[in-house]
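S.K.: Protein chains in written order, with the working numbering: chain A, 27 to 149; chain B, 167 to 758.
There could be a bad hint or two in this list.
As the list claims (entries may be wrong) - Pairs of lysine to any residue, SDA-like flavour, derived with a Cα cap of 25 Å:
1) A:K46 x B:G498
2) A:K40 x B:G498
3) B:K414 x B:K251
4) A:K116 x B:K251
5) B:K251 x B:G202
6) A:K46 x B:K276
7) B:K276 x B:D542
8) A:K128 x A:C65
None of these hints come from the bench; they were simulated from the model.
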Amino acid sequence: MPAVKSLDELKRLKEDAIAKRNAKTTAGTVQVTVAMGTCGIAAGARETMRAILDTIETEGLSGVVIKQTGCIGLCELEPIIQVEVGGAPKVTYGKVSVDQAKLIMKEHVVGGHVVTELVIPAK
Amino acid sequence: MKYYRTHVLVCVDPECLGKGAHDIEDALQDELVAQGLIDEVQVLETSRIGGCSHGPEMMVYPDGVHYVGMTVDDIPFLVEEHFLKGRIAKKFLLPRVEVKDEELSAPTSKEVRVVLRNCGKVDPENIEDYIAEDGYQALGKVLGSMTSDQVIEEVLASGLRGRGGAGFPAGKKWQFCRASKGTPKFVICNADEGDPGAFMNRRVLEGDPHAVIEGMIIAAYAIGSSRGYIYCRAEYPLAVRTLNIAIKQARALGLLGEDILGSGFSFDLEVRIGAGAFVCGEETALMGSIEGKRGEPRPRPPFPAVSGLWAKPSNVNNVETYANVPQIILNGAKWYASMGTEKSKGTKTFALAGDVNHTGLIEVPLGINMREVVYDIAQGIKDGKKLKAVQIGGPMGGCLPEEYLDRPIDYESLAAAGTIMGSGGLVVMDEDTCMVDIARFFMEFIQDESCGKCTPCRVGTRRMLEILQRICKGEGKNGDIETLEMLCKQIRATSLCGLGQGAPNPVESTLKHFRKEYEAHIFEKRCPAKVCKGLIRYDITDTCTGCTVCLRNCPVGAITGDRRKLHVIDTDTCIRCGICMQVCNFNAIEIN
Numbered sequence: 027m028p029a030v031k032s033l034d035e036l037k038r039l040k041e042d043a044i045a046k047r048n049a050k051t052t053a054g055t056v057q058v059t060v061a062m063g064t065c066g067i068a069a070g071a072r073e074t075m076r077a078i079l080d081t082i083e084t085e086g087l088s089g090v091v092i093k094q095t096g097c098i099g100l101c102e103l104e105p106i107i108q109v110e111v112g113g114a115p116k117v118t119y120g121k122v123s124v125d126q127a128k129l130i131m132k133e134h135v136v137g138g139h140v141v142t143e144l145v146i147p148a149k
Numbered sequence: 167m168k169y170y171r172t173h174v175l176v177c178v179d180p181e182c183l184g185k186g187a188h189d190i191e192d193a194l195q196d197e198l199v200a201q202g203l204i205d206e207v208q209v210l211e212t213s214r215i216g217g218c219s220h221g222p223e224m225m226v227y228p229d230g231v232h233y234v235g236m237t238v239d240d241i242p243f244l245v246e247e248h249f250l251k252g253r254i255a256k257k258f259l260l261p262r263v264e265v266k267d268e269e270l271s272a273p274t275s276k277e278v279r280v281v282l283r284n285c286g287k288v289d290p291e292n293i294e295d296y297i298a299e300d301g302y303q304a305l306g307k308v309l310g311s312m313t314s315d316q317v318i319e320e321v322l323a324s325g326l327r328g329r330g331g332a333g334f335p336a337g338k339k340w341q342f343c344r345a346s347k348g349t350p351k352f353v354i355c356n357a358d359e360g361d362p363g364a365f366m367n368r369r370v371l372e373g374d375p376h377a378v379i380e381g382m383i384i385a386a387y388a389i390g391s392s393r394g395y396i397y398c399r400a401e402y403p404l405a406v407r408t409l410n411i412a413i414k415q416a417r418a419l420g421l422l423g424e425d426i427l428g429s430g431f432s433f434d435l436e437v438r439i440g441a442g443a444f445v446c447g448e449e450t451a452l453m454g455s456i457e458g459k460r461g462e463p464r465p466r467p468p469f470p471a472v473s474g475l476w477a478k479p480s481n482v483n484n485v486e487t488y489a490n491v492p493q494i495i496l497n498g499a500k501w502y503a504s505m506g507t508e509k510s511k512g513t514k515t516f517a518l519a520g521d522v523n524h525t526g527l528i529e530v531p532l533g534i535n536m537r538e539v540v541y542d543i544a545q546g547i548k549d550g551k552k553l554k555a556v557q558i559g560g561p562m563g564g565c566l567p568e569e570y571l572d573r574p575i576d577y578e579s580l581a582a583a584g585t586i587m588g589s590g591g592l593v594v595m596d597e598d599t600c601m602v603d604i605a606r607f608f609m610e611f612i613q614d615e616s617c618g619k620c621t622p623c624r625v626g627t628r629r630m631l632e633i634l635q636r637i638c639k640g641e642g643k644n645g646d647i648e649t650l651e652m653l654c655k656q657i658r659a660t661s662l663c664g665l666g667q668g669a670p671n672p673v674e675s676t677l678k679h680f681r682k683e684y685e686a687h688i689f690e691k692r693c694p695a696k697v698c699k700g701l702i703r704y705d706i707t708d709t710c711t712g713c714t715v716c717l718r719n720c721p722v723g724a725i726t727g728d729r730r731k732l733h734v735i736d737t738d739t740c741i742r743c744g745i746c747m748q749v750c751n752f753n754a755i756e757i758n
């Protein structure tokens with residue numbers, strides 16, 4: 027690390043240090059979990075994941091944590107993503123295409139409205 | 167800004183580098199490219215994940231997974247399993263050992279953490295962690311926008327008093343030192359924490375060393391000093407290590423050394439290690455020790471602010487005092503002065519010990535009463551017993567009985583009650599404690615640690631100890647109490663330093679509040695708390711079933727009796743070890 031020569035530089039160093047630390051925090055207000063079993067990947071979960079990451083990047087979202095999980099036993103409904111906002115119960119979406127993933131990000135993650143037509147119905 | 171869903175932090179400490187951390191990093195990059203994940207997973211370098219003994223190591227976030235011991239060949243598997251499929255590769259997991267912090271737990275609602283705010287929160291060996299918590303921002307503010315006088319004004323207005331125990335206003339000390347003629351001036355940190363059972367300062371040095379360093383730099387700027395020392399006791403090797411690492415990192419960033427933050431102000435410091443003498447916590451003895459001389463106090467005046475280290479103006483404060491300073495500068499004197507009482511502002515750390523349910527470090531606003539500390543924070547006395555006394559202020563402090571529980575903890579109230587604030591030792595004693603025995607214990611410590619320079623302290627404390635030992639053995643005689651009182655007065659009046667002047671405190675305070683116990687020992691040959699071995703005897707009551715357990719366990723063969731018959735203890739042979747009482751299943755042993 028180079029020497030700090032002014033108060034402004036010190037403030038920048040502080041922002042860097044905070045950013046570095048935030049990268050380490052596991053806590054986020056929203057958690058999006060993408061099922062990444064072989065079935066999921068075969069059905070296009072990688073593309074769905076990419077779409078979610080792109081949305082976060084282009085919209086500049088913060089506080090969103092992306093996690094992966096394996097096959098949840100509903101292979102015919104892959105790609106599956108689960109969205110958890112705050113303390114609300116987990117919502118599971120099935121057959122999520124790239125466009126639908128973007129829609130879910132916009133409506134549910136940002137807007138807070140569950141996209142009911144894409145939710146896997148309880149049997 | 168580029169968004170990565172996963173961050174991999176690879177440890178690049180020397181030890182991990184030696185185990186191939188760079189190769190692991192390269193392999194990770196290559197594999198992430200190969201599997202098309204390079205835009206989603208970011209690889210960063212870091213230090214100190216877990217101590218490197220299992221290296222190479224990496225941390226994966228947001229999952230918070232700690233991997234150790236992988237080789238380059240394992241990387242493709244790891245990347246596919248975890249980063250592509252999201253499955254944790256169990257074979258590289260470090261078995262997680264949950265370590266409970268016995269010293270410092272989460273604050274209760276009555277506590278306010280100022281000095282301890284970063285302990286356990288920041289990595290003490292990583293200056294960036296401290297900077298992320300507003301570290302060195304106070305220094306920036308001071309150097310960028312305040313004059314020395316303004317800094318002193320601010321500290322004066324905050325009401326911060328010396329946390330080493332005597333409670334002299336820190337701002338005033340700085341003012342005197344600033345006004346003194348002579349260069350160079352020295353800034354000294356007293357980290358010679360020696361009170362038995364007290365570890366408030368150690369915890370700050372080990373957990374948040376930069377707070378102390380920052381406080382010292384600010385003090386140096388205020389008094390016009392360019393050189394500082396931290397005098398740390400040798401019994402704190404980890405604190406010395408952490409301090410040295412912290413100083414090195416602060417130097418590398420230019421926060422210590424020439425022209426700090428481009429302000430033209432220069433200051434540097436180093437750690438000096440004590441050699442185990444308790445008296446070196448006294449400021450003049452401490453400075454003698456830094457100079458390489460025998461650690462003995464010298465008369466004051468001249469005070470250190472006028473003629474201190476190498477006869478130059480010096481400012482000595484302790485760890486806690488300095489650690490408060492950056493917070494005062496950042497949040498303002500008003501904020502600090504809003505806590506505490508009229509004359510005792512801010513917070514104080516205490517090391518809670520003794521017969522309470524919750525022991526360890528606490529930090530409370532001054533003015534809180536002892537009852538809140540004992541019953542709310544320390545969760546009351548163990549085993550539902552009654553409180554007998556609270557010993558506050560270290561070995562030269564005093565014991566306060568229950569009637570004092572509702573008085574506030576501040577410098578003046580404690581002095582009025584016959585004890586001192588001290589550096590923060592706080593021992594709670596239950597009804598089974600003998601106060602004469604406690605006085606004897608502390609006098610033993612003081613007598614042992616007297617440096618010997620002043621005859622009243624050297625010889626007087628020895629005589630006091632002998633009398634106390636006699637009383638505890640049951641050989642006390644009429645006039646002992648009066649002799650103790652006379653010695654107390656004389657030692658206090660004729661000793662140079664705080665050790666001798668405070669030496670009578672444990673005896674005086676117990677005589678004041680528990681005189682009856684002394685009298686019971688001397689005149690009735692009885693120890694009311696049943697502690698002093700010379701004054702108690704063990705007897706077997708008729709609930710004895712004759713099971714022979716005590717007989718078989720007695721180390722000196724003092725117990726006799728036939729199977730299924732009442733057993734008897736021979737008092738002359740008995741050494742009062744209490745083993746029979748511990749092993750008896752029928753509560754048939756009693757102390758008389």
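S.K.: Would you mind confirming whether the straight-line C-alpha gap from K276 of chain B to D542 of chain B stays at or under 25 Å?
M.R.: Holds, because 8 Å separates the two Cα atoms, which is no more than 25 Å.
S.K.: Has the given pair, K251 of chain B with G202 of chain B, been kept, meaning a C-alpha gap of at most 25 Å?
M.R.: Holds - the C-alpha atoms of G202 of chain B and K251 of chain B are around 13 Å apart, at most 25 Å.
S.K.: Tell me if the straight-line CA distance from K46 of chain A to G498 of chain B falls inside 25 Å.
M.R.: Violated. K46 of chain A to G498 of chain B sits at ~28 Å, over the 25 Å cutoff.
S.K.: Holds or violated: K414 of chain B and K251 of chain B, Cα atoms, limit 25 Å.
M.R.: Cα-Cα ~42 Å, so violated.
S.K.: Is the straight-line distance between the alpha-carbon of K40 of chain A and that of G498 of chain B 25 Å or less?
M.R.: holds (20 Å)
S.K.: Would the hint linking K116 of chain A and K251 of chain B be met if the CA-CA limit is 25 Å?
M.R.: holds (20 Å)
S.K.: Would you check the hint for K128 of chain A and C65 of chain A, treating anything up to 25 Å between C-alpha atoms as holding?
M.R.: Cα-Cα ~21 Å, so holds.
S.K.: CA of K46 of chain A to CA of K276 of chain B, is that 25 Å or under?
M.R.: Violated, because 33 Å separates the two Cα atoms, which is more than 25 Å.
Taken one by one, the earlier hints fail for this structure at numbers 1, 3 and 6, listed in ascending order.
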